[in-house]
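> Single-letter residue listing:
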Amino acid sequence: MEEHYQHLYEALTQVDGYIYPNEIDLHWGLMIVLYPYITGLVAGAFILASLERVFNIKALKPTYGLALLTALAFLFVATLPLVSHLQHPFRSYEIFMTPNPTSAMAIFGFVYLWYLMVVLLLEIWFDYRRDFVIWSKTSTGFKKIFYKLITLGINETDEKSAKLDDKLGYFVTVLGIPSAFLLHGYVGFIFGSIKANPWWSTVLMPVIFLFSAMVSGIALVMLVYMVVSWVRKVKIDMLCLDTIAKYLFYILIIDFTLESLDQIHRLYEAEESFDIIKVLVGGKLNITLIYMQVIFGTIIPLSIIGFFQIYKPSEKIRKIAYFFIGIIVLIGIFFMRWNVVIGGQLFSKSLSGFTSFKAVYSGMEGYLMSAVWLILPLLILTFLLWLMPPWKKVSTHE
Amino acid sequence: MGTERIKKNRRTFFKTSAALISGTLLYSLMKPFEGLAQTKEEDIQEDKTNFPLWGMGVDLESCIGCGKCAEACKIENNVPIEPFYFRTWVEQYTVKNNGEVKIESPNGGIGGLKQSVPDEEIFKSFMVPKLCNHCTKAPCVQACPVGATFISPDGVVLVDETYCIGCSYCIQACPYGARYMNPVTKVADKCTFCYHRISKGLQPACVEVCPTDARIFGNLKDKKSDLVKFLQNNPTQVLKPHLNTHSRVFYNGLSSEVK
Amino acid sequence: MPKIIFRLLLSFIVFVTVFVLIQQYLTPNSFGKYGHYRADAIDDNKMRTSYYKGEESCVTCHQDVYDLKSEDVHDRVRCESCHFPKIAGSVDCEVMPPKVEGTLEFCAQCHAINLGRLKKGVPQLDFKEHKGDQNCIECHNVHAPWELKE
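Protein sequences, first through last, are from chains Y, H and A.
First residue of the first sequence? That's 1 in our numbering, and the numbers climb one at a time after it.
First residue of the second sequence? That's 1 in our numbering, and the numbers climb one at a time after it.
First residue of the third sequence? That's 1 in our numbering, and the numbers climb one at a time after it.
Hints are computed from structural coordinates only; laboratory data are not their basis.
Where hints are given, some of them may not hold.
[Unchecked claim] 27 Å max Cα-Cα, derived DSSO-like pairs, lysine-lysine:
{"#": "1", "chain 1": "H", "residue 1": "K124", "chain 2": "A", "residue 2": "K46"}
{"#": "2", "chain 1": "H", "residue 1": "K137", "chain 2": "H", "residue 2": "K221"}
{"#": "3", "chain 1": "H", "residue 1": "K221", "chain 2": "A", "residue 2": "K46"}
Keep in mind it's a predicted model, so treat the numbers as computed, not measured.
Turn these sequences into a full structure, and let the hints steer you where they fit.
This is the structure in structure tokens:
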């Protein structure tokens, strides 16, 4: 407690202008920056998979299974930063028991459950079912037990059942697209519906969150595909990689357009909150917004991939470029979440002053904890890829 | 023949379990509506007319910024002494001759507000007490994911301390900065109009100690109350009316500089 | 219906049933009575301890002081504005009398000069100009300030 007060007394000396006395402490920190980031990765990876399954972009086939497993690995971790942020995590079951119908946050439990069970797990199950049956016959030990259990006793491997799996999987994917929109759109709505905070309160918020989620998910799958291929020492399908980069380009353009629209609208209308927001963007958010999010995370990737659409350099250069772009896009989108969550709390609702955010390394809201939540899904993904390798699949959908 | 018997048994098994499950499902779905169906409607209608509707008036022409209200509130409601948690506080506005507005609230005004700008530079100065506005359309109540903050039947926005999960969404949703996270109980906290006092016929602590009667508490439904007379005799305003929160804290003498 | 769909549908229905049952069990009893909240919380909020007792309670023993105060300009300042009800954790004024330190700083809370206090009916002074560092109570009777001691 003493340490906490010490930190607050320091923050008091850093106040610029006037803030309401209760606003000295930022209530939503790194954990709340991470949660939209992780669910965004899930939604984005899923959309990439659905591009192949529903929209029949065949070039993306090598990444279909990979994208689904990436989405699953990150979805397992998604709740954790949220629950660890609560002051009373053991009461979190209340969100399932008495969800408030007027609260956007209350949707969380149900949308998460629905997406995890009915969309992702089912789709993966339908896609892998036949392989599980076949693999259960040829493997030993843990894998054998797992495969036998997961088939749920449905052991048909004939053409008819394969066709049924296919149809059902397709149906689930189609259902999954609006579900993915809901999974991440509601997060945007959580911010967008707060009329008290002018930095958050915009109609475009759910849409911006959704498109930036798609950007981050696609970049993630691109990176994962490159890394996994390198680890397995297999040749990367350049057509696939180029197609992923192309879709990243298109969606990044839409994302950039939406965010620019939001800012231009603010600039033009210049209503009451504009004066403080102008100082916010030029001051405390200068590096994280202008440099990290816009220039580094959006303009540079757009320029490079855009250039590639006109002139395609050699495969080697493209691979290096895509790897670099994947990383900077992921960083840029992380900072987009940072700018929304932290930025929205840095200025006072009196529109007359700023408080400060002190980054900590240890503790539940620290950098170390964030690193854990980001590395854990990668470990889970490695485990999933060992358990259900997409490249060893015997049957793939039409 | 044996398989037919097996099939029949399996069929009966599925039928009975389907019946049992759907029966339980239906029953459990009915249960919440059961409570609704009976007398709830009549009870509420009857009670609602008997409940008062609490509100507060703040006379900015009387407030001297002594800070006694903020201090008394902390004592009465066990709010941590540290200058980071306030259920109510007083702001000092100093409009300078060059048009600049300086707003300050050191320790919420406890100890008395002192002027930091030299007299020659001051165009005008005034004090504004702030507190939870107990909005009839409270954005905090709308935002709470579990129903831990609510509007009581007599119009007071309260927090259920045993139910709050500490997500801070209500704190983000409040446009007036009236809420804070209590470091001891680890739940959201705020002014309750001293609900434990007003339910016994006493005044809230801040009203009790105000030496200039700048705070007027009362029942908006009582035409004879001081509060209703205050509203009738003065041009009153609420804070941030454009947000349509239907705040029930009314200010007399609210100048346009007030944030 | 193919076995696969039947089994999945069945598990879904079972899951929803179990969920609803758990929900019934875990939701607090008074929840939903007046609205989407635990109605017992209203009583919880009413049950808190009160420290400020109100002027009538002081008057039962200190009628004389009250009468003195009523004749002078501090008449509308209630007792507990200055006399804190809780001293060293005790609210019993017989055990811990709520004595006030009549220091300059204490009176300055209301009476120190501040342009924001102009024309509000409360006399303001520059304390240094007035009587230097002398405490107010050396000349003024606190409950009847215009009854000067000299």
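> It remains to establish, for every hint, whether it holds in the given structure.
Here's how the hints hold up against the structure:
no., hint, verdict
1, H:K124 x A:K46, "violated (42 Å)"
2, H:K137 x H:K221, "holds (18 Å)"
3, H:K221 x A:K46, "holds (21 Å)"
Violated hints amount to a single one, hint 1; each of the other numbered hints is respected by the structure.
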